[in-house]
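Protein sequences appear in the order of chains A and B.
So the first sequence is numbered by my numbering: it starts at 420 and just counts up by one.
So the second sequence is numbered by my numbering: it starts at 205 and just counts up by one.
Hints listed in this document are in silico derivations from the structure and should not be mistaken for laboratory results.
Hints are not guaranteed to be accurate.
Straight line, CA to CA, 25 Å or less: simulated DMTMM-like cross-link-like pairs of lysine to aspartate or glutamate [to be verified]:
#: 1; chain 1: A; residue 1: 798; chain 2: B; residue 2: 271
#: 2; chain 1: A; residue 1: 515; chain 2: B; residue 2: 271
#: 3; chain 1: A; residue 1: 499; chain 2: B; residue 2: 242
#: 4; chain 1: A; residue 1: 532; chain 2: B; residue 2: 268
#: 5; chain 1: A; residue 1: 798; chain 2: B; residue 2: 265
#: 6; chain 1: A; residue 1: 499; chain 2: B; residue 2: 273
#: 7; chain 1: A; residue 1: 532; chain 2: A; residue 2: 492
#: 8; chain 1: A; residue 1: 728; chain 2: A; residue 2: 660
DEER-style ranges, computed between Cβ atoms [as the list claims (entries may be wrong)]:
#: 9; chain 1: B; residue 1: 267; chain 2: A; residue 2: 775; range: 56 to 62 Å
#: 10; chain 1: A; residue 1: 719; chain 2: B; residue 2: 270; range: 37 to 43 Å
#: 11; chain 1: A; residue 1: 865; chain 2: B; residue 2: 270; range: 27 to 33 Å
A few chain A positions that, by computed beta-carbon distances, are all more than 12 Å from chain B [said to hold, decoys possible]:
#: 12; residue: 463
#: 13; residue: 536
#: 14; residue: 573
#: 15; residue: 601
#: 16; residue: 628
#: 17; residue: 667
#: 18; residue: 711
#: 19; residue: 781
#: 20; residue: 798
#: 21; residue: 805
#: 22; residue: 868
The structure presented is a predicted model; accordingly, all values stated were derived computationally and were not measured.
Just so you know, even glycine gets a beta-carbon here, dropped at the ideal spot from N, CA and C.
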Amino acid sequence: MKSHRETSTEIEPKEPCVGRFALSWQEGLGVRPKAKLPTVFAAALLTSIIALASVTGHAQTVDELRQRLEAIEQQMQQLKEQVAEAERKAQQAERKSANAARQVEADNDRPVKWHLSGYAQTGVEITDEAGRDDTFIAGTFNPVFHFQYKDIALFESELELAANSDGGTDVELEYASIDLLLHDNLTFVAGKFLSPVGQFQERLHPAWINRLPDAPAGFGHGGVAPRSEVGIMARGGVAFDPVTVNYALFGGNGPRVEFDDGELEGIELEGFGLDDNQNKAVGGRIGVLPLSYLEIGASFLTSKIDGDKEDGVAGDVSSGRFTLWGVDAAYTRGAWDVRAELVSANLGSFFSQHESGAASTEAVPETDWLAWYAQVAYKLSGLTDRPVLKNAELVGRYSDLDVDGFEHFIEHARPEHRWTLGLNYWFAPTLVGKVAVSLRDFSDGQSDDATEVRFQLGYGF
Amino acid sequence: MLTLRFRASLLVALAGMLLAVALPVPAQAQQEASKRADPAQIARGAKAWSENCGRCHNIRDPRDLNDEDWDVSVTHMRVRAGLPGNVARDIKVFLKNSN
Numbered sequence: 420m421k422s423h424r425e426t427s428t429e430i431e432p433k434e435p436c437v438g439r440f441a442l443s444w445q446e447g448l449g450v451r452p453k454a455k456l457p458t459v460f461a462a463a464l465l466t467s468i469i470a471l472a473s474v475t476g477h478a479q480t481v482d483e484l485r486q487r488l489e490a491i492e493q494q495m496q497q498l499k500e501q502v503a504e505a506e507r508k509a510q511q512a513e514r515k516s517a518n519a520a521r522q523v524e525a526d527n528d529r530p531v532k533w534h535l536s537g538y539a540q541t542g543v544e545i546t547d548e549a550g551r552d553d554t555f556i557a558g559t560f561n562p563v564f565h566f567q568y569k570d571i572a573l574f575e576s577e578l579e580l581a582a583n584s585d586g587g588t589d590v591e592l593e594y595a596s597i598d599l600l601l602h603d604n605l606t607f608v609a610g611k612f613l614s615p616v617g618q619f620q621e622r623l624h625p626a627w628i629n630r631l632p633d634a635p636a637g638f639g640h641g642g643v644a645p646r647s648e649v650g651i652m653a654r655g656g657v658a659f660d661p662v663t664v665n666y667a668l669f670g671g672n673g674p675r676v677e678f679d680d681g682e683l684e685g686i687e688l689e690g691f692g693l694d695d696n697q698n699k700a701v702g703g704r705i706g707v708l709p710l711s712y713l714e715i716g717a718s719f720l721t722s723k724i725d726g727d728k729e730d731g732v733a734g735d736v737s738s739g740r741f742t743l744w745g746v747d748a749a750y751t752r753g754a755w756d757v758r759a760e761l762v763s764a765n766l767g768s769f770f771s772q773h774e775s776g777a778a779s780t781e782a783v784p785e786t787d788w789l790a791w792y793a794q795v796a797y798k799l800s801g802l803t804d805r806p807v808l809k810n811a812e813l814v815g816r817y818s819d820l821d822v823d824g825f826e827h828f829i830e831h832a833r834p835e836h837r838w839t840l841g842l843n844y845w846f847a848p849t850l851v852g853k854v855a856v857s858l859r860d861f862s863d864g865q866s867d868d869a870t871e872v873r874f875q876l877g878y879g880f
Numbered sequence: 205m206l207t208l209r210f211r212a213s214l215l216v217a218l219a220g221m222l223l224a225v226a227l228p229v230p231a232q233a234q235q236e237a238s239k240r241a242d243p244a245q246i247a248r249g250a251k252a253w254s255e256n257c258g259r260c261h262n263i264r265d266p267r268d269l270n271d272e273d274w275d276v277s278v279t280h281m282r283v284r285a286g287l288p289g290n291v292a293r294d295i296k297v298f299l300k301n302s303n
């Protein structure tokens, strides 16, 4: 058996392939069995060179790593600074947010809150009626003020500022009332308020709500629908699911005769700041909504109206009973807005001066008024989603005013049958441009028929 | 006599008014519409808003006004349109959570 020394230096392979590998390995190192001394030195030198080259390469890698580490440390430092800055900003934002939230809470908790709203209108009127010219209309500016104290009281007031034909400005107090919210179903109103009789005067007259540029016949100036009242009113709403009922009951100074320049012209259904007689008007309205989109209402007003005379005119004046009742209905669903309203009034006979220069008072005959309208409006959004068309609205209305009785009242009211067709374009829910054509057929026996074209811009805010 | 009766009626009405004002306002009526409303109230308000506001005029975007403006504006509409107080509060809550 051979020794280990012999095995490592004098290999005699048992297997041919193993013997070849061992020989090749030893040859690669320059170690050959029985190699000479110079050959061993050469091998050692070669090994040293290889080792030195290896050590040098490793040193370069360490330098690179150190540089990268330093770069990472710098980046880490920058990130730390950025995180600190972000935290500082976040804390500032949090403080500001908390302050804002406290401010909002404080605002919500403030006992007195107020809101300024209102509306404005302007337009053009073209007419072929005798005695009238085509004109631009400065229109009106109606600021509405609301001041609320908690959920207890609300003061509300509307002014109407209008440029008149003389270049001046007219200012009217449309309403100013204090509303006490006594109960979920009861509000007490005191002051000057819009008449709740019917639906047009109280709810629909603002230009951005009224679907046409004008008021229906009999519902504007000189008409028979009450406009406002000075007095007290109880009103509210009660829900009997699914039916809702709203009501208003008021007492006030009531209407009076319109006596201008000594001539008895008509009756004024306005809220007068002071009464001219001891009799007070009583009126109200009840509205029923059997469905959320259908309202049916009934109204009444009763009062006494005194005659009037100038100083020195002989004879007594007396009062006549004024009685009014009305019904209204509104269907508002989807693109449809359909409304109808009727007001019927009667003024009993009374004594008054008829006109300037009269020697004495005379009996004013009983007079009846009947005003009504039916109106249909349809937004094209019910038909199309096209950007322009969907904002358009078609409107048609027929209105009628009949007066029978005292000739002065008939002359002043100018009874008529009126057809009005209109096209509206809604730039926004509270900004509308209107154009309408009215065919007016007067039945007072004095006025010729007339055709009018009106353009109007109405804006609610 | 009629005038006297009417005067008496007015006095009774005024006395009733003063009495009503002197009484504590119902707690429910004093509740302010809050941002922290429950979802059911917001849903009721959305329904009431869509059903009532369009009865007279176009429905306005809740974003048109801020919370305080809606508080006052809806109170005005409560009076004008004859809305029950609880319905008005629901509408306020919806609008203030949608603006």
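Against the structure, the hints come out as follows:
no.	hint	verdict
1	A/798 x B/271	violated, 30 Å
2	A/515 x B/271	holds, 19 Å
3	A/499 x B/242	violated, 43 Å
4	A/532 x B/268	holds, 17 Å
5	A/798 x B/265	holds, 18 Å
6	A/499 x B/273	violated, 46 Å
7	A/532 x A/492	violated, 58 Å
8	A/728 x A/660	violated, 54 Å
9	B/267 x A/775: 56 to 62 Å	holds, 58 Å
10	A/719 x B/270: 37 to 43 Å	holds, 40 Å
11	A/865 x B/270: 27 to 33 Å	violated, 54 Å
12	463	holds, 88 Å
13	536	violated, 7 Å
14	573	violated, 5 Å
15	601	violated, 5 Å
16	628	violated, 4 Å
17	667	violated, 7 Å
18	711	violated, 4 Å
19	781	holds, 26 Å
20	798	violated, 9 Å
21	805	holds, 19 Å
22	868	holds, 32 Å
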